[in-house]
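J.: Okay, here's what each chain looks like letter by letter:
2 protein chains.
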Amino acid sequence: MTSSRPLEQVLANVDSTLDQSLERLFALLRIKSISTDSAYAKDCVEAAEWLAADLRTIGFAAEVRPTGGHPAVVAKSPGDAGRHALFYGHYDVQPVDPLNLWDTPPFEPSLATGPDGAKRILARGACDDKGQVMTFVEACRAWKAVTGSLPVGLTLLIEGEEESGSKHLFDFVRANKDDLKADVALVCDTGMWDSDTPAITTSLRGLVYEEVKVIAADRDLHSGVYGGAARNPIHVLGRIVGAIHGDDGRIAIPGFYDGVKDLPPDVKADWEGLGLTADAFLGPIGLSEPIGEKGRLLIEMIQSRPTCDVNGIIGGYTGEGTKTVIPSEASAKVSFRLVAGQDPLKIREAFHAFVRSLLPVDCKVEFISYKASPAIELPWTMPALTAARAALTAEWGRKAVTIGSGGSIPIVGDFKNVLGLDTLLVGFGLEDDRVHSPNEKYDLKSFHKGIRSWARILDALAQ
Amino acid sequence: MTSSRPLEQVLANVDSTLDQSLERLFALLRIKSISTDSAYAKDCVEAAEWLAADLRTIGFAAEVRPTGGHPAVVAKSPGDAGRHALFYGHYDVQPVDPLNLWDTPPFEPSLATGPDGAKRILARGACDDKGQVMTFVEACRAWKAVTGSLPVGLTLLIEGEEESGSKHLFDFVRANKDDLKADVALVCDTGMWDSDTPAITTSLRGLVYEEVKVIAADRDLHSGVYGGAARNPIHVLGRIVGAIHGDDGRIAIPGFYDGVKDLPPDVKADWEGLGLTADAFLGPIGLSEPIGEKGRLLIEMIQSRPTCDVNGIIGGYTGEGTKTVIPSEASAKVSFRLVAGQDPLKIREAFHAFVRSLLPVDCKVEFISYKASPAIELPWTMPALTAARAALTAEWGRKAVTIGSGGSIPIVGDFKNVLGLDTLLVGFGLEDDRVHSPNEKYDLKSFHKGIRSWARILDALAQ
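Chains A and B, in that order, are what the protein sequence lines are.
Residue numbers for the first sequence, in numbering that gives the first Met the number 0: 0 to 462.
Residue numbers for the second sequence, in numbering that gives the first Met the number 0: 0 to 462.
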């Protein structure tokens, strides 16, 4: 590293200004930017304006731009090197219900000491994604403070609808294609391997989400009158749900595994080396045995193998007490996580055909098709990945691992397809951050070393 | 029939005063006596007081008696014969939700012409059970009007909590055992075979109602993180629900059919003679094929064979749109209709054991046990049945059939066990009366000929 001197000063600046960095994050966390609820539309605008104003104080040309929904922040600054990166994050947060499960008010951020003795930031958005976004912003601030400029040119794109499906971002990226030009995309919305081991996410599973409704009689029936003769759609749906997985843990839908490849041997060896155990992964949530395909590593089950979960089911009487009803219909929400090689539209078709094959006489089925996005695999060899891995390894004193994420960040597909960019996914979230849940937190260590990590990565990208 | 002359006059009186009978029924139907909702507690008292007052006008000593819940009406009158009957009915009604599915306001009774050209009474409670109760009261009124007395002595017990589980009636019957003494019990809360064929219900199925909750992880999980590794309780519950019935339509719970006997050949021959077809029974609700045990008559499936229905199921996210959650738990409400020979407590145990046998590692199960009442079989040979059958056959011009009911009226068991009474179950409801549903109705013919039927039965009981 030729620029080791300014980097050390930048890191020292990060350390000495951490309190002010925290204050700024707290100010952003106080804004109730819940994107899915229109009652908070003004708060979303406020969060966008807060970010734009803050970025202007460190020399970015920052604008709050309209979209079909909540606005997006676009901020630009040139850099020392000719290279230019596009950073993506989001300022919107998940709803906070059920409020009574929060130990502290979700929009009154505070520092607390966790059961492990480590300081943690408590608030909705502390991790996802305000805390993570601010690791990047604060890294830029430190570079500007020490050198007056940035190692590489940057465009920041910070949207306000990620938690409600990024409905307008796809159009926005298409409409602003030229304006968002860059050499690589950076995203800070993923996690570490564990609290000591940094990670770069190199694959994201795709998602197919379907709702299936089984309909039998044309009205709800009294089970005292019709029980024993009339088809009960809950029984039919139960059979369908029960048939999705075989006893071997495999998904029994014909054609489901078409195109799915095994891991390259070297990656598999790497993953085996991580030694992820059921105890470590499932123990904290009260489980002991992985339920995936027999003969696979646990880490394969959650990162590189496709999965299916029924995310919701409902039918008949679900209130307190009893009602002797045979309902007319029952429905389930079913999602599939896809890996490279699987075609989301073919998976959807295969699922529909599978359900129809299990449908007895006198039953109809209706589907609602939601998302269908393919898996994304990033090139293991891209220069930005090599640079970032070295930077992360230097910061954390442990080799940064490349992992797959079970989750999906659909915009990454568009960065590739529309802007031609590969994306470097680096983040500092931990398994126990309770994102999307009550008592969301972000370790102070994640925030602090996250800023230092980005400071290093910006430097490395300029090399 | 030795008393044929006064009976003919009584029937003529029924015919000539039908308009006034209807007016009285409408007055009772206007009272919103929904027992399950405490907001209507005053309306329940009003209905009880209305009935007591009406019964006093025809010479009953009528009282509104407190129970632990809504009051019960107890009304007495001596009769010409030494025999005494206890009549049971209920003045409370089911809730009216969803209100928007009603074509006319549920508590504004009206007469309308149905698609078959027949007049029908429209209102909540038109059939269940205000209309049915008033067939009996109006028959008494006609006897009093013509002869100044009743053929047999009567005690009327009209409760206000049948639709919410008769919670306090059992204690009330025990506490008032001596006061409710009689030779036979009469109930008007059942149906006809069809609109031309009267029926006496001689068996009532028992009921075991259970709620089963399957619990896996100790919290809700993100399926993007844990999908493929963590046990999903919806899948487990789906398998359990799907395993309850075999492909032969039989219930696969070990021991479930212990003690169940086949029909006596003569009863089976009678039932075959009724010629109930799937077209006739299932066609009107949009179904075509009975799903019960292979090789059984449809009428057996709904009347004399035990059944199981899942009445409700819920787990995970059931709102609009999508959420990628693996829930911590999923639950189902499951009810069994029992026949003579089955022990409800053994059935409950067998169900629990069955569920546990299908429970994989890392899953717990919790049960909530609701009702557990045995089936009731009335003696085919009791004198009241023979008398009532002759009376009904005379009124309707068709042989009254003896049928089993798929439903349950738990108090009938207590009449036997506490008061030592057999119960004669006669009613004039029809399959399409939509009891418990929007647009409940009672055919004017059911009401009119129901009154005439009871007038004849009272006469026959005195013979």
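By construction, these hints were calculated from the structure, which means they are not laboratory data.
Just to be clear, a hint being listed does not mean it is correct.
EDC-like, lysine to aspartate or glutamate: derived pairs with alpha carbons at most 16 Å apart [said to hold, decoys possible]:
(1) A:K118 x A:D431
(2) B:K370 x A:E210
(3) A:K370 x A:E210
(4) B:K118 x B:E210
(5) A:K322 x B:E48
(6) A:K370 x B:D193
(7) B:K31 x B:E45
(8) A:K322 x B:E348
(9) A:K293 x A:D261
(10) B:K322 x A:D96
(11) B:K322 x A:E319
(12) A:K143 x A:D96
(13) B:K212 x A:E319
(14) B:K363 x A:E7
(15) B:K166 x B:D36
(16) A:K444 x A:E394
(17) A:K322 x B:D96
(18) B:K212 x B:E365
(19) A:K143 x A:E319
(20) B:K448 x B:D195
(21) A:K212 x B:D36
(22) B:K31 x B:D14
(23) B:K75 x B:E210
(24) A:K448 x A:D79
(25) B:K322 x A:D18
(26) A:K363 x B:D177
(27) A:K322 x B:D177
Source: prediction; values computed, not measured.
J.: Determine for every hint whether it applies to the structure shown.
T.: These are the hints, each one checked on the structure:
no., hint, result
1, A:K118 x A:D431, "holds, 14 Å"
2, B:K370 x A:E210, "violated, 34 Å"
3, A:K370 x A:E210, "holds, 11 Å"
4, B:K118 x B:E210, "violated, 42 Å"
5, A:K322 x B:E48, "violated, 29 Å"
6, A:K370 x B:D193, "violated, 50 Å"
7, B:K31 x B:E45, "holds, 9 Å"
8, A:K322 x B:E348, "violated, 21 Å"
9, A:K293 x A:D261, "holds, 14 Å"
10, B:K322 x A:D96, "holds, 14 Å"
11, B:K322 x A:E319, "violated, 24 Å"
12, A:K143 x A:D96, "violated, 39 Å"
13, B:K212 x A:E319, "holds, 13 Å"
14, B:K363 x A:E7, "violated, 54 Å"
15, B:K166 x B:D36, "holds, 14 Å"
16, A:K444 x A:E394, "holds, 12 Å"
17, A:K322 x B:D96, "holds, 14 Å"
18, B:K212 x B:E365, "holds, 5 Å"
19, A:K143 x A:E319, "violated, 60 Å"
20, B:K448 x B:D195, "holds, 11 Å"
21, A:K212 x B:D36, "violated, 31 Å"
22, B:K31 x B:D14, "violated, 29 Å"
23, B:K75 x B:E210, "violated, 41 Å"
24, A:K448 x A:D79, "violated, 24 Å"
25, B:K322 x A:D18, "violated, 36 Å"
26, A:K363 x B:D177, "violated, 56 Å"
27, A:K322 x B:D177, "violated, 34 Å"
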